[in-house]
Each structure stands twice: as C-alpha cells, then as structure tokens.
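Sequence lines, in order, name chains G, Y and P.
So the first sequence is numbered by the numbering used here: it starts at 153 and just counts up by one.
So the second sequence is numbered by the numbering used here: it starts at 153 and just counts up by one.
So the third sequence is numbered by the numbering used here: it starts at 153 and just counts up by one.
Heads up, a few of these hints could be off.
No copy is singled out in the list; a pair is fine if it fits within one copy or between any two copies.
[What the hints assert, rightly or not] Here are the simulated lysine-lysine pairs, DSSO-like style, with alpha carbons at most 30 angstroms apart:
| hint | residue 1 | residue 2 |
| --- | --- | --- |
| 1 | Lys250 | Lys222 |
| 2 | Lys402 | Lys223 |
| 3 | Lys402 | Lys304 |
| 4 | Lys223 | Lys250 |
| 5 | Lys402 | Lys250 |
| 6 | Lys402 | Lys222 |
| 7 | Lys250 | Lys302 |
| 8 | Lys313 | Lys223 |
| 9 | Lys223 | Lys304 |
Read the hints as simulated data drawn from the structure, not as lab findings.
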Amino acid sequence: MLHRLRANRPLVHCITNEVVQEFTANVLLAAGASPAMVVGEGEAEYFAGIASALSVNVGTPYEARIETMKKAIRGALAAGKPWVLDPVAAGGIPWRDKVIFELLEMQPTAVRGNASEIRFLAGVGTGGKGVDSLDDSSSAIEAAKTLARKYKTFVVVTGLKDYATDGERVLCAVGGSEMMTLVVGTGCSLSALLAAFLGGAERSLEACIACCDYVNYANDTASTRSSGPGSFHFQYLDALYQIRPEDFRK
Amino acid sequence: MLHRLRANRPLVHCITNEVVQEFTANVLLAAGASPAMVVGEGEAEYFAGIASALSVNVGTPYEARIETMKKAIRGALAAGKPWVLDPVAAGGIPWRDKVIFELLEMQPTAVRGNASEIRFLAGVGTGGKGVDSLDDSSSAIEAAKTLARKYKTFVVVTGLKDYATDGERVLCAVGGSEMMTLVVGTGCSLSALLAAFLGGAERSLEACIACCDYVNYANDTASTRSSGPGSFHFQYLDALYQIRPEDFRK
Amino acid sequence: MLHRLRANRPLVHCITNEVVQEFTANVLLAAGASPAMVVGEGEAEYFAGIASALSVNVGTPYEARIETMKKAIRGALAAGKPWVLDPVAAGGIPWRDKVIFELLEMQPTAVRGNASEIRFLAGVGTGGKGVDSLDDSSSAIEAAKTLARKYKTFVVVTGLKDYATDGERVLCAVGGSEMMTLVVGTGCSLSALLAAFLGGAERSLEACIACCDYVNYANDTASTRSSGPGSFHFQYLDALYQIRPEDFRK
Chain G
153 MLHRLRANRP
163 LVHCITNEVV
173 QEFTANVLLA
183 AGASPAMVVG
193 EGEAEYFAGI
203 ASALSVNVGT
213 PYEARIETMK
223 KAIRGALAAG
233 KPWVLDPVAA
243 GGIPWRDKVI
253 FELLEMQPTA
263 VRGNASEIRF
273 LAGVGTGGKG
283 VDSLDDSSSA
293 IEAAKTLARK
303 YKTFVVVTGL
313 KDYATDGERV
323 LCAVGGSEMM
333 TLVVGTGCSL
343 SALLAAFLGG
353 AERSLEACIA
363 CCDYVNYAND
373 TASTRSSGPG
383 SFHFQYLDAL
393 YQIRPEDFRK
Chain Y
153 MLHRLRANRP
163 LVHCITNEVV
173 QEFTANVLLA
183 AGASPAMVVG
193 EGEAEYFAGI
203 ASALSVNVGT
213 PYEARIETMK
223 KAIRGALAAG
233 KPWVLDPVAA
243 GGIPWRDKVI
253 FELLEMQPTA
263 VRGNASEIRF
273 LAGVGTGGKG
283 VDSLDDSSSA
293 IEAAKTLARK
303 YKTFVVVTGL
313 KDYATDGERV
323 LCAVGGSEMM
333 TLVVGTGCSL
343 SALLAAFLGG
353 AERSLEACIA
363 CCDYVNYAND
373 TASTRSSGPG
383 SFHFQYLDAL
393 YQIRPEDFRK
Chain P
153 MLHRLRANRP
163 LVHCITNEVV
173 QEFTANVLLA
183 AGASPAMVVG
193 EGEAEYFAGI
203 ASALSVNVGT
213 PYEARIETMK
223 KAIRGALAAG
233 KPWVLDPVAA
243 GGIPWRDKVI
253 FELLEMQPTA
263 VRGNASEIRF
273 LAGVGTGGKG
283 VDSLDDSSSA
293 IEAAKTLARK
303 YKTFVVVTGL
313 KDYATDGERV
323 LCAVGGSEMM
333 TLVVGTGCSL
343 SALLAAFLGG
353 AERSLEACIA
363 CCDYVNYAND
373 TASTRSSGPG
383 SFHFQYLDAL
393 YQIRPEDFRK
C-alpha cells in the first residue's frame with residue numbers, strides 16, 4: 153500500500169482545523185503524498201474534483217468554513233473521489249455535534265476518530281473532553297461496526313490499538329506511544345493520511361489498516377529517538393519519510 | 153503550582169492568533185494542560201463555560217473573530233472561570249488599540265504583555281513596533297501597578313525580568329534568553345500557559361509568577377541545548393515536558 | 153545585502169496562507185527581520201504603510217482575505233513600500249487565477265514563483281499541480297522576462313536553479329535540495345524573505361538574487377545535517393540564523 157501511495161503521489165485536498173494545517177501538510181509530504189489546503193469559496197468544490205482524495209476535519213469549525221467543507225464534499229462525491237471525515241470532539245459540544253451529523257449524512261468513505269467520538273456517533277457514549285480519548289479503543293469496536301453499517305462507510309478507531317471496520321470485518325493494528333498524545337495534530341494528520349491511502353493506494357479496508365500500521369511504525373521509531381514532545385515532532389516526520397515498504401517484512 | 157496544574161490537567165480554551173495556534177497547543181500539552189482552540193460562532197460561549205480557563209490573544213484580530221472572543225469571554229465570566237488577555241502590539245495600530253480597550257473592559261483575570269504594551273495600556277507610553285518590546289521590563293512596573301488597580305486584574309510584564317502585580321504587591325522572576333525572541337509564539341503561548349496556571353493551579357499572584365519561573369527555566373534549559381532558533385523551538389517543548397516540580401528546589 | 157538587512161531589521165507585513173504562517177514568521181526572525189502577520193480589515197492598509205515591505209501569498213485565498221490583501225497593497229503603494237506577490241498554484245484553478253491576475257495588476261515590486269506558475273502567468277504554460285513545479289526552472293527564463301516587462305516588476309523563478317530578472321538582465325543562483333520540497337512553506341517563506349531584502353537591504357535585482365543565494369546556502373547547510381524533512385525543518389531555521397555575510401566569501 154505504501155509503495156503504491158508513493159508511486160501515485162496522491163494530491164490530498166485538506167480542509168482541516170486552523171491548528172494543524174502545517175503539521176498535516178508536512179506529514180503528507182513526508183509520507184510521499186502531495187497536500188493542498190484549498191479553502192476558498194470559489195475553488196473548494198472544483199478542486200475536490202481534481203484532487204485524488206479529500207480530508208475534512210472539524211477541529212475548529214465556523215459557519216463559513218463549514219459551507220466550504222460541504223462544497224468540497226459535493227465536488228468529491230460528484231467526481232467519485234474518496235473523502236474522510238474526522239469528527240473532532242464529537243459529543244463534546246451540541247453545536248458541533250449538529251455539524252458533524254450533517255457531514256456524516258454526506259456519505260464519507262471513511263470516518264476516523266478516537267473511541268469516545270466513535271461511541272458517541274454510534275449512539276452508545278457521551279463523547280469526550282477535548283480531543284483526548286477517555287475510553288480504551290477496544291471498547292468502541294461494536295460502536296464502530298454499528299456506525300459503519302448505518303452510514304455504509306469504513307470506520308477507523310485509533311488509540312493504543314487501532315481498529316478498522318466496514319461493519320462486518322474488523323482489522324487491528326498495534327503500536328503507538330503516549331508521546332503521540334502530547335503533539336497536537338497527530339490524530340488529525342492520520343485522517344489526512346487515511347485519505348492519501350484511500351485515494352493513492354486502494355479504496356479498501358486493508359488500505360485503512362495499512363495507514364494505521366504505517367503511522368504506528370513511525371510513532372514507535374520516533375518515540376525511541378525522542379526525549380520529549382518537541383523532539384518527537386521532528387523525529388516522527390523523519391520516520392514517516394525514512395520508512396520503506398520492505399521494512400514491514402521484518 | 154506545577155504539580156497542581158499537572159494533577160488537574162486544565163482544559164484551556166484558546167482564541168489566539170493565526171500564527172501561533174500549533175505552537176500554543178504544543179506548549180500547553182508539553183506542560184501538562186489540555187488545549188482546545190474553539191472558535192466557532194455557535195460554540196465559543198458554551199465551551200468557555202466548561203473549560204478550566206480562557207486565553208484571548210489579539211495577534212491577528214479581525215471582526216468576526218473579535219465577536220467570537222467577546223462571546224467566549226462572556227461564557228467564561230458567567231461560569232466564573234479565569235480569562236487572560238494578551239494585548240499583542242498594543243499602541244501600534246489605532247484600530248487594534250480600540251479592540252484591546254474594549255476587551256480590557258471585560259474584566260480579565262490577568263493581562264500579560266511586554267513593557268511597551270503595558271506602558272501604553274496604562275497611558276504612559278506610545279506602544280511598540282510589532283511584538284518586540286522596545287523598553288526594559290522594569291520600566292513598566294509602575295505602569296503595571298496602575299493598570300492592575302484600574303482594571304482590578306493581575307498584570308504580568310515579561311522581558312529579561314518578569315513582573316507580576318495585583319496593583320499592590322510586585323513579584324519578580326528572572327531568566328530567559330534572547331533566543332526566545334527569535335521564535336514566534338513564545339510570548340503568546342506564555343499567556344495561554346498563564347491561563348492554565350490560573351485555571352489549573354490557583355487563581356493568585358503566586359500562580360502568575362510561578363508560570364513565569366517555569367517558562368524561564370525551560371527557556372534557560374533550551375538555550376544551552378540550542379544552536380539556533382530551530383533547535384530552540386523543539387528543545388523548549390522538550391524542556392517544558394521534562395521539568396518536574398522538584399527541580400525548582402535546586 | 154544580508155548585513156544591511158540585519159542592520160535595518162525590516163518589519164515585514166505578511167498576508168500569507170493559513171498553512172505556513174508560523175514557519176514564515178520563524179524564517180523571517182531567523183534571518184534577522186521582524187515579521188507581522190496583520191490581517192484585520194481595519195488595520196491592514198494602515199499597517200502596510202508603516203511596515204518596511206509587504207508580502208502577499210495566495211496559497212489559501214478566500215474572499216474576505218483577498219479584500220484585505222488589496223487594502224494592504226493599496227497601503228504599501230501609497231507609502232512607496234515594496235510588495236511581493238507569490239502566485240501559489242497559478243494555472244491550477246480558474247477562480248484563483250482570476251484573483252492572481254487582479255493582484256498582478258496592482259504593481260508588485262517582485263513576483264516569485266516556480267517555473268510552471270511563471271510560465272502560466274506569462275501565457276506560455278498551463279500551470280501546475282499543487283505547489284510542485286513540473287518544469288525545470290530554466291524553461292521559464294523567457295517567460296519570466298516577458299512577465300517582468302509586461303508588469304514592470306522583478307520576476308524570480310525558483311527551482312534547482314533560481315533566476316531573477318527585470319525583463320532585461322537575468323541573474324542566476326544555484327543550490328538547494330530535494331528536501332526543501334518536502335517541507336511546506338519553504339517557497340512561501342522565500343517570498344516573504346524577498347520582501348525583507350527589498351525593504352530592508354535594497355530595492356534591486358541584486359537584492360532579489362542575494363535572497364536566493366542566502367536561502368540556497370541555508371538549504372545546502374541544512375540538507376547535510378538532516379536525516380529527513382523533520383530535522384531539515386529545524387536545521388534550516390538554525391542555518392538561516394547562523395549564516396553570516398562573511399561566509400559568502402568562501
């Protein structure tokens with residue numbers, strides 16, 4: 153999957169939150185994809201049609217930007233391109249939850265969240281505080297399957313273990329470190345990377361979990377080389393760049 | 153104070169400038185707080201009520217965002233939560249000064265600025281060029297006391313020496329390096345960290361100066377490990393993470 | 153030129169894209185300039201008049217921000233200050249192209265782009281995919297000269313070789329590495345640095361190519377010290393800070 157992503161160098165259209173735009177772009181570049189943060193009212197719908205995939209993240213939504221997200225989603229759907237929804241902090245703020253459910257109705261190819269977000273969206277939890285998952289990811293497996301079936305989408309729950317499901321099958325990836333939770337944007341950029349895998353490698357459940365495996369590998373590599381979140385930040389980007397497909401054979 | 157902050161892991165609502173959002177979030181995470189950059193028209197007031205503290209920074213103000221700041225401030229005040237004002241470049245641009253004085257009337261728990269900003273707000277200076285302080289911080293002690301008494305707020309002046317005052321007492325912290333002025337957001341993130349101390353440790357003058365001490369310690373540590381502003385940037389985040397309360401006994 | 157820039161410490165007003173604001177500010181600080189990202193409707197025109205130079209980048213344009221760009225440009229022109237246009241992704245999206253041509257009519261002091269952008273603006277190419285240049289920079293020399301003559305502006309084409317022209321003379325700088333293309337904002341921040349050289353050193357073709365030389369030097373230095381785009385990011389900032397004017401004599 154990683155080999156195919158790099159060969160295709162997918163152009164990933166990101167409409168993400170204000171906080172993590174630079175980091176998300178750098179994660180995509182380090183992985184071998186090509187980021188484009190197109191947010192203009194007049195160009196988002198057009199551009200989503202020519203990009204390889206779209207990633208929508210509601211970390212800092214406001215009305216004008218939400219309209220642009222919807223335009224871009226319509227552009228992606230019309231062109232048959234995959235799009236990923238990152239429902240940041242679902243369950244935490246009623247106004248935002250309404251936005252998230254509206255986007256969820258627009259046929260995302262995949263939804264990526266932590267356990268509390270996924271549980272809330274599936275109707276079996278109360279949501280979390282900020283972007284930190286309060287629940288173990290395995291606690292959200294059934295919720296993820298329910299959500300995937302209801303919206304006919306892939307659902308990816310990340311945490312100490314990551315799960316990807318299409319509503320029937322469940323694939324699991326293991327890895328990751330606490331350090332990742334101390335750098336803003338690691339989860340958000342994973343969602344953008346998921347769009348890169350779906351648009352640049354393959355539109356499949358296997359591509360979803362391959363993305364998680366790749367991120368976990370980079371995460372583990374960076375953790376052992378870091379003495380804090382500052383050094384983790386650059387080591388993580390270096391690791392994403394250095395990891396080669398053949399490294400996974402080990 | 154640092155021990156208490158980490159035990160409470162305060163949720164800090166930040167409405168800050170476009171330039172330093174990622175760095176501010178990473179500073180809060182490295183210190184042990186939980187950042188949330190909530191800026192939506194429909195959620196800022198609600199969220200300020202459930203967060204532990206609010207930090208407002210006017211580094212890149214524009215009308216829609218200023219309205220959101222005011223909503224969030226009303227939410228914080230209604231819930232009795234502390235909020236911090238960072239009056240970036242006060243005295244530099246008349247339009248912005250008007251905005252700053254409007255926010256200053258909204259009962260901030262603390263105001264954090266450099267000497268030229270604080271002197272201007274107290275009516276004894278002409279303000280500065282950009283975000284660089286043109287004055288020695290000690291030159292602003294009397295201005296800080298005046299400002300604190302007038303608005304019944306803590307005032308923190310940072311520079312080579314830092315001063316915190318409630319209008320009567322003045323506490324001082326020493327430390328810091330020139331390198332800090334070569335990385336954007338060190339001052340802005342200090343204001344967010346001040347909100348974290350006020351909301352997560354204690355609402356007191358002692359908490360204000362503890363925040364400065366902690367930042368100075370991290371700054372000094374990072375300076376000795378850096379060969380330029382790029383390496384300072386990540387060393388500073390590592391230092392904030394590594395410093396333990398017991399390190400201050402030395 | 154570098155000596156003069158640092159002696160004058162120019163205040164560079166940047167209205168740039170959402171993705172690279174922090175990096176652009178840090179590049180300017182590391183080089184010895186003073187960044188100010190002033191984007192308020194009520195302050196952009198005023199501030200452009202008091203800054204040393206203005207840098208406008210259309211990486212993430214939307215209507216409100218485009219209006220602010222135009223206000224700032226009018227402020228810079230009225231005060232006789234230089235301004236630089238970075239036409240990100242020109243030729244890629246019709247809506248954006250219209251915006252770029254409107255800005256191009258407002259008498260930029262310099263235009264900085266990659267080969268495909270410059271070729272498109274000169275009417276001899278079809279533009280590129282995202283921000284990556286698809287053409288060798290030397291392929292755009294004639295286009296750059298045409299563009300410079302038509303709009304009476306300096307044109308700087310960057311790539312593996314960089315060219316600066318006023319429509320008659322062409323100066324060349326050599327250097328740079330592939331790593332630079334894997335960190336978002338290296339090109340965008342080069343445009344801001346170009347504004348710093350034009351406003352803080354000299355308004356000349358020589359200042360344009362001096363800026364490219366300086367960036368290439370930092371780029372080469374950082375490349376040899378990096379093991380990936382994460383470490384390149386901070387090494388690049390360190391190198392910009394460490395390079396002294398006398399180093400160019402070697």
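Checked hints:
no., hint, in the structure
1, Lys250 <-> Lys222, "both (14 angstroms within a copy, 23 angstroms between copies)"
2, Lys402 <-> Lys223, "neither (44 angstroms within a copy, 54 angstroms between copies)"
3, Lys402 <-> Lys304, "neither (35 angstroms within a copy, 59 angstroms between copies)"
4, Lys223 <-> Lys250, "both (17 angstroms within a copy, 20 angstroms between copies)"
5, Lys402 <-> Lys250, "neither (45 angstroms within a copy, 52 angstroms between copies)"
6, Lys402 <-> Lys222, "neither (42 angstroms within a copy, 55 angstroms between copies)"
7, Lys250 <-> Lys302, "within (17 angstroms within a copy, 42 angstroms between copies)"
8, Lys313 <-> Lys223, "neither (34 angstroms within a copy, 39 angstroms between copies)"
9, Lys223 <-> Lys304, "within (21 angstroms within a copy, 38 angstroms between copies)"
The structure fails to meet hints 2, 3, 5, 6, 8 from the earlier list, while all remaining hints are met.
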